[in-house]
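Enquirer: Given the structure of chain F, go ahead and fit chains V and A onto it with the hints provided.
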Amino acid sequence: MEQQFDSATLGMWVFLLTEIMFFGGMFCAYMIYRNMYPAAFASTSKHMEPFWGATNTLVLIVSSLTMALAVRAARLGQQKALQILLLLTIFFGLCFLGVKGVEYHQHWVDKNVPLIAGHWDYSNSEEFPNQAQYAKQAQILFCFYFFMTGFHALHMVVGVALMLTIFFMARRGKFNASYFTPVEISGLYWHFVDIVWIFLFPLLYLIGRTKEMM
Amino acid sequence: MSTVLQDPQTVAETPNYLNAEYGWRSWLFTKDHKRIAILYIISITVMFFLGGIFAGLIRVELLTPQGDLVNSDTYNKFFTMHGIIMVFFFLIPSIPATLGNFFVPMMIGAKDLAFPRINLLSWYIYIAGAIFALAAVVMGGVDTGWTFYTPFSSTFSNTFVITAACGVFIAGFSSILTGLNFIVTIHKMRAPGMTWGRLPLFVWANYATSLIQVLGTPVVAITLALVGLERAFHIGIFDPAIGGDPILFQHMFWFYSHPAVYIMILPGMGVMSELVSCFSRKAVFGYPFVAASSIGIAVIGFLVWGHHMFVTGMSMYASLYFSLLSFLVAVPSAIKIFNWTATMFRGSISYATPMLYAFGFIGLFTIGGLTGLFLATLAVDVHVTDTYFVVAHFHYVMVGGMVLAYMGGLHFWWPKMTGKMYPEGWAKFAALLVFAGFNLTFFPQFIAGYLGQPRRYHAYAPEFQVYNVLSTAGATILGLGYIIPFIYFVWSLKYGAPAGNNPWKAKGLEWETTSPPPTYNFETTPIVTEEAYAYATHKKEEHVG
Amino acid sequence: MHSAPSVRTLVLVWLTLTIMTIVTFEVSKIEMGEWNIVVALLIAFFKMMLVILIFMNVRSESPLTKLFVGAGFFWMVLLLGQVAIDYISRSWMPEGKMW
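Residue numbers (our numbering), protein chains in the order written: chain F, 2 to 215; chain V, 141 to 685; chain A, 2 to 100.
The shape of chain F in the complex, shown without the other chains (with noise of 0.2 Å):
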């Protein structure tokens, strides 16, 4: 059981490193790009909501405070502790998500999305007039705003979804102080997205912020 414990822990340690350099390649080609384009990097972050943001990251950070007393729990064999903290890691996912829709619905009103027809307009705003010659670069760098949090989002998806199956196998009872692998590897997969994110928000929704538009 101990081996099983320990190899399937690897095994899940194995796949983070797999989806560290997966993210690794996106932020590589941001990293890039935002560097190549500062001007339009800084007219970009002032369309960002760092609020809505922040809000998601404390609400991410809380997420995986229950997620680690739920491990802890599943440890100590606590089955009903275990269930309502994997319920409270799971509305707290769902939170999140819920954020980030309320602000892909907001940049989608204000036509900050590149990818759709009408409703990519990067030339008149009142509060940012001079961002139409960055339209292009903008462009770029919007993209990346959307595959970044859109795969992190994904990834939240799959990961609400790994932990309604935890939680409904520990409600048949399937955890005890001496088998619940599925509850730590899972847990790990949970920490690793919130990781994602606490590089996420700073890098796109607080630097620049500050800087003028030439």
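Since the hints were made in silico from the structure, they are not lab data. One should not assume that every hint holds.
Said to hold, decoys possible - The calculated lysine to aspartate or glutamate pairs, modelled on DMTMM-like cross-linking and capped at a C-alpha distance of 20 Å, are: (1) A:K30 <-> F:E50; (2) V:K328 <-> F:D7; (3) V:K645 <-> V:E671; (4) A:K67 <-> F:E3; (5) V:K634 <-> V:E153; (6) F:K101 <-> F:D111; (7) F:K47 <-> A:E32; (8) F:K175 <-> F:D7; (9) F:K47 <-> F:D122; (10) V:K560 <-> V:E153; (11) F:K137 <-> F:D122; (12) A:K67 <-> F:D7; (13) V:K251 <-> V:D379; (14) V:K328 <-> A:E62; (15) V:K634 <-> V:E161; (16) A:K67 <-> F:E20; (17) V:K645 <-> V:E670; (18) V:K171 <-> V:E161; (19) V:K251 <-> V:E564; (20) F:K112 <-> F:E50; (21) F:K101 <-> F:E50; (22) V:K328 <-> F:E3; (23) F:K47 <-> A:E35; (24) F:K47 <-> F:E104; (25) F:K47 <-> A:E27; (26) V:K251 <-> F:E3; (27) F:K47 <-> F:D111; (28) F:K137 <-> V:D379; (29) V:K251 <-> F:D7.
Unchecked claim - Stretch by stretch, here's where chain A covers chain F in the computed footprint (C-beta under 8 Å, at least three residues): (30) 8-20; (31) 27-33; (32) 65-73; (33) 196-205.
All C-beta atoms in this analysis are idealised placements derived from N, C-alpha and C, irrespective of residue type, glycine included.
Expert: Quick look at chains V and A alone, frame taken from chain F:
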């Protein structure tokens, strides 16, 4: 099961993984790593011959200097499909998913891999990827080159780039899962007494390969995803007209694709250690160095990709960095060649077919590796890049190296996997055909390339014709050298002589089981007490079995 | 199997992470030029280490697990760093521009 009793072996057939269950369901839903290995062998053989057909078409076109067989667009599709199929659907999975899947668990004394269902999933994902790739072929092909360079692939190509990229993306996950499975298996499932220092070098090689698969493949996945998104939405990520940077694509693509070539050689090197030791009746010389060099190649392999980009506009200083490191990465490979040679020194050499392939590997890989150093030299690369010199270089390492190792491994372990021997006479003949045909195909390409014939062109200047004719003639012989083993391997399944448990009297836990092995590999978990390759020298051969 | 962190530890880490999020939010409003991104990434790095070591319990994991975690980040550095050396060193050439 046949009820004909004339064949004595079927009467006395012991239970093994092949006859444990029958029916297509027992194969398609199997969790047995050995059956999954067989599924992979069949799949990659199909893809190999398909890729070979495209190679044949290329060589036929290049018989004459004019582009007279097909137009340039169609020719572009030929070399693209040849590359995509051979790289992603043959070479990358080849030894790990077949011989590795079959023998890594057995070599460490385990019943199966750590995650048997993920192993099966990995095969299904491979098949899904192959279906996408085949769909791209059938619908009309892709013409971007297997390297998918932008902005041609992302903006200008009129072919089925997204379909092909999907196929590669999906196949990448198959590769990742295989690597993940091997890493956890080798760490956690070794039998008692099987320390890291006693592992067969084939296991070390597959471990190093798995590290590359896990760390590199996700990056090419995201890169191709970006190409697909760009193609679909015209965003401008890699299109210079809208502000994109094609060099960034190349950086991200080659970050994986260079280590990928080490995925495409390390397992072959692992096979080499097994073959050379067995057929020299000697332990591999310098075991710690060979093991460490596998890891060394895996790590340094991630530090050299820029040598594919020397003439693209990359900074000269970055080129210097990558050139220097490319020289460094040759060192661990050379260490292996020296160690195998030292293994053979004062060994008791026998010339069975697997050993013939091993000899071929040593010579051809050395040539391929040395010409890699030519290419790593900045000034020389400016002259020979994108010529047939490069084509010859990588075929020497990938075909002269990996494919020969794969053939050698197949012959070596065929008796264990099937319980049957292949016909040795025909096998030796085919091995010689492969060696002769290979050299005739690719050596002239070094010369043609050095003299200036560019790659990926369907027409060329008339002064190169003689080299191309020689090359096409060689390709015909080489093709024959591949077809003959295919025929006799299939033949041997029914008519081959029974192999016995250890026809080569080789060392290794896999040889201590029946041929074919039972489903759970070992009756009881073996306890390992001797070092790897404990071949007795100057003593009477121990009785094995 | 492995020791679980206490409730107190987990809650303390959570509080720290929350406070650091607020800090990074507020600090981003101050114009510091190039240092904005350095500070933000340092804070993010520190938050990540807390999640890894405590929430994911890596501090009581085997050396092997720690090695794999380290390898993951090291490899991402290899990717970002080696790509960056191309772009950064372009400006060292007479007509080169950095990005």
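Enquirer: Against each hint, give a clear statement of whether it holds in the structure.
Expert: Here is how each hint holds up against the structure:
no.: 1; hint: A:K30 <-> F:E50; in the structure: holds (13 Å)
no.: 2; hint: V:K328 <-> F:D7; in the structure: holds (8 Å)
no.: 3; hint: V:K645 <-> V:E671; in the structure: holds (16 Å)
no.: 4; hint: A:K67 <-> F:E3; in the structure: holds (18 Å)
no.: 5; hint: V:K634 <-> V:E153; in the structure: holds (14 Å)
no.: 6; hint: F:K101 <-> F:D111; in the structure: holds (15 Å)
no.: 7; hint: F:K47 <-> A:E32; in the structure: holds (14 Å)
no.: 8; hint: F:K175 <-> F:D7; in the structure: holds (19 Å)
no.: 9; hint: F:K47 <-> F:D122; in the structure: holds (15 Å)
no.: 10; hint: V:K560 <-> V:E153; in the structure: holds (12 Å)
no.: 11; hint: F:K137 <-> F:D122; in the structure: holds (11 Å)
no.: 12; hint: A:K67 <-> F:D7; in the structure: holds (13 Å)
no.: 13; hint: V:K251 <-> V:D379; in the structure: violated (51 Å)
no.: 14; hint: V:K328 <-> A:E62; in the structure: holds (15 Å)
no.: 15; hint: V:K634 <-> V:E161; in the structure: holds (18 Å)
no.: 16; hint: A:K67 <-> F:E20; in the structure: holds (17 Å)
no.: 17; hint: V:K645 <-> V:E670; in the structure: holds (16 Å)
no.: 18; hint: V:K171 <-> V:E161; in the structure: holds (12 Å)
no.: 19; hint: V:K251 <-> V:E564; in the structure: violated (31 Å)
no.: 20; hint: F:K112 <-> F:E50; in the structure: holds (15 Å)
no.: 21; hint: F:K101 <-> F:E50; in the structure: holds (11 Å)
no.: 22; hint: V:K328 <-> F:E3; in the structure: holds (10 Å)
no.: 23; hint: F:K47 <-> A:E35; in the structure: holds (17 Å)
no.: 24; hint: F:K47 <-> F:E104; in the structure: holds (14 Å)
no.: 25; hint: F:K47 <-> A:E27; in the structure: holds (16 Å)
no.: 26; hint: V:K251 <-> F:E3; in the structure: holds (17 Å)
no.: 27; hint: F:K47 <-> F:D111; in the structure: holds (12 Å)
no.: 28; hint: F:K137 <-> V:D379; in the structure: holds (11 Å)
no.: 29; hint: V:K251 <-> F:D7; in the structure: holds (17 Å)
no.: 30; hint: 8-20; in the structure: holds (count 6)
no.: 31; hint: 27-33; in the structure: holds (count 4)
no.: 32; hint: 65-73; in the structure: holds (count 7)
no.: 33; hint: 196-205; in the structure: holds (count 6)
Checked against the numbered hints given earlier, this structure breaks hints 13, 19; the rest are met.
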